[in-house]
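Sequence order for the protein chains is L and E. Under this note's numbering, the first residue of the first sequence is numbered 149, with each subsequent residue one higher. Under this note's numbering, the first residue of the second sequence is numbered 109, with each subsequent residue one higher.
Hints in this document: simulated from the structure, not taken from any laboratory. Owing to the predicted nature of the structure, the values given are computational and were not obtained by experimental measurement. Ideal Cβ placement from N, Cα and C applies to all residues, glycine included. Honestly, I wouldn't trust all of these hints.
Among chain E residues calculated to face chain L with C-beta under 7 Å, some are [claimed, not checked]: (1) 117; (2) 126; (3) 130; (4) 185; (5) 189; (6) 192; (7) 204; (8) 228; (9) 230.
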Amino acid sequence: MDPQDLDLINGLLDSDADLRERIKEHVIDFDKRTRTMVGMLNKVHSTASAEIPTLLDSVRPVLHSCQDTTAALAAIIPPNQFWRWKDMWNNSLRASVFSAVLIEFLANGTLLSLASVSEQLGIKEEWSDRFVLSVEDYLHGLISMINELSRLAVNAVTLGDYDAPIRISIFVKELFAGFSMLNLKNDILRRRFDSLKYDIKKIEEVVYDVSLRKLASPPTKPA
Amino acid sequence: MSVSAHPPSLIASAFLSFRDDIDDHNDRRERLIKCSRDITIASKKVVFLLHRIMTDSGADDRTLSLHAASEGQKALRNVQMLFMKITPEVEGDRFWRYQHNISPGLQEYIEALSFAHYLEHGTLITYNEVQKSLSDESGSPYFPLPMSDYILGLSDLTGELMRFAISSISKRGGRTKASEVSVFVRGCKADFEGLTPHIRDLSKKQAVTSQSLRKIEEAAYAIAVRSSEFDLSPEMLDDVVGQAISGYGENFDDMHTSGRRRPTSDEHEFE
């Protein structure tokens with residue numbers, strides 16, 4: 149190979165390696181933040197429902213601090229190269245989606261849309277070729293939330309909140325119906341979706357237990 | 109915390125749009141994988157074509173090489189058309205999303221292109237030349253050529269060169285050619301060694317290159333040892349071998365003119 153060409157190749161490869169290092173630094177940061185959040189949210193399993201809003205208020209600032217990371221990543225990813233590097237932060241990003249949607253469900257009982265999650269993470273529209281929240285990542289975050297909610301259904305009962313499993317059951321079933329509409333190929337998302345039935349089964353068992361013993365408050369009449 | 113505040117249609121309609129997004133992605137992915145396969149098949153045919161022309165008897169080597177290169181380039185233009193066709197599918201940020209779906213075909217194309225280039229110029233095709241072959245008339249690339257695909261494609265070239273060297277070793281001037289090829293392949297191997305930490309899978313390919321190199325070296329050794337038994341000049345040896353081969357008569361010529369490769373000890377290497 150011509151020494152000049154070899155230099156050119158080495159130069160290009162070195163600058164890629166450089167960029168990888170810089171991304172890695174931010175991803176480590178991102179990872180720290182999401183682990184903190186997930187750790188804090190883990191407390192919902194031992195927090196009485198009255199205390200939950202306070203807990204959520206303490207997590208929100210960490211969620212918003214993720215905006216620094218997304219901005220830093222969007223600033224260093226070269227145009228059009230989002231998909232080249234995104235695998236590096238998949239886990240952190242999905243954990244942050246999980247935190248955002250779980251907080252929203254616990255606070256308002258609703259599903260936080262993909263667009264709203266993007267907004268909470270500070271992802272801007274003009275970054276579309278450098279940093280976006282993909283449908284796949286969002287759905288991964290939702291599945292993590294469903295996994296967590298099946299645990300919460302059990303623990304809420306232990307803490308004396310007998311209505312929570314029913315709210316969770318309605319919400320999760322609706323999400324499951326949504327997931328069933330998708331044509332997933334054989335990938336991790338598909339496998340995780342397939343495992344949702346165990347979460348649903350668990351939640352149903354809890355609902356069965358509390359209804360059988362008439363622990364839950366009677367259903368409100370539909371409007 | 110009442111769910112009725114959130115009408116079911118909202119979640120359902122969100123998932124409907126996810127379905128479109130996922131279907132769109134999967135369909136595009138399938139189309140590109142299929143295209144990559146077509147490119148692989150077409151490129152392999154070009155490689156066979158080059159080998160076939162190079163083992164033709166008759167004309168001198170230089171003429172054969174130039175003929176092979178020009179035929180090869182002609183056939184490669186069809187492959188380039190395939191790349192041009194996928195341009196809209198890999199526009200903008202999409203390219204890197206589907207890069208690993210296209211890369212098998214891309215590497216196979218680079219292998220064929222670099223083989224034709226080697227036969228014509230005796231050198232390694234440069235990154236810019238490959239990128240230029242994947243650009244329209246005005247010079248704007250169909251997509252950015254990934255460095256890894258360029259290097260991995262060249263790494264496959266060494267295997268073809270080994271086949272080329274061994275199948276021509278019994279031809280007139282074949283031993284000189286085999287030694288040229290081994291010098292060239294050794295050079296490639298040395299150059300690529302420094303790049304292995306940067307490129308995934310390159311170290312595997314380097315191991316294959318080492319094997320190829322060994323095969324050429326052993327073939328060259330066998331010939332050298334045998335020719336030492338005769339006190340003849342290389343040219344006279346070529347003639348002796350040539351006469352012996354012509355003794356096979358009609359059958360052998362038939363095989364040759366019908367474009368079949370002469371069987372070598374390395375036959376199984378052909379896929």
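Per the CB criterion, is residue 126 of chain E less than 7 Å away from chain L?
With a minimum Cβ separation of about 5 Å from chain L (threshold 7 Å), the hint on residue 126 of chain E holds.
Interface hint status, residue 130 of chain E versus chain L (Cβ within 7 Å)
6 Å, holds
With chain L as the partner, please determine if residue 192 of chain E meets the hint condition of a C-beta pair closer than 7 Å.
19 Å, violated
Given residue 117 of chain E was flagged as interface, is its beta-carbon under 7 Å from a beta-carbon of chain L?
Where the cut-off is 7 Å and the nearest Cβ of chain L is about 10 Å from residue 117 of chain E, the hint is violated.
Please verify that hint: residue 185 of chain E, Cβ, nearest Cβ of chain L, below 7 Å or not.
24 Å, violated
Quick one, is the residue 230 of chain E hint okay against chain L at 7 Å, beta carbons?
13 Å, violated
Classify the hint on residue 228 of chain E as holds or violated, based on whether any CB of chain L lies nearer than 7 Å to its CB.
This hint is violated: residue 228 of chain E lies away from chain L, its Cβ roughly 16 Å from the closest one there, beyond 7 Å.
Tell me if residue 189 of chain E is really an interface residue toward chain L, meaning its C-beta lies closer than 7 Å to one of theirs.
Check failed: Cβ of residue 189 of chain E comes no nearer than 24 Å to chain L, outside 7 Å.
Residue 204 of chain E as an interface hint toward chain L, with CB separation required under 7 Å:
4 Å, holds
Checked against the numbered hints given earlier, this structure breaks hints 1, 4, 5, 6, 8 and 9; the rest are met.
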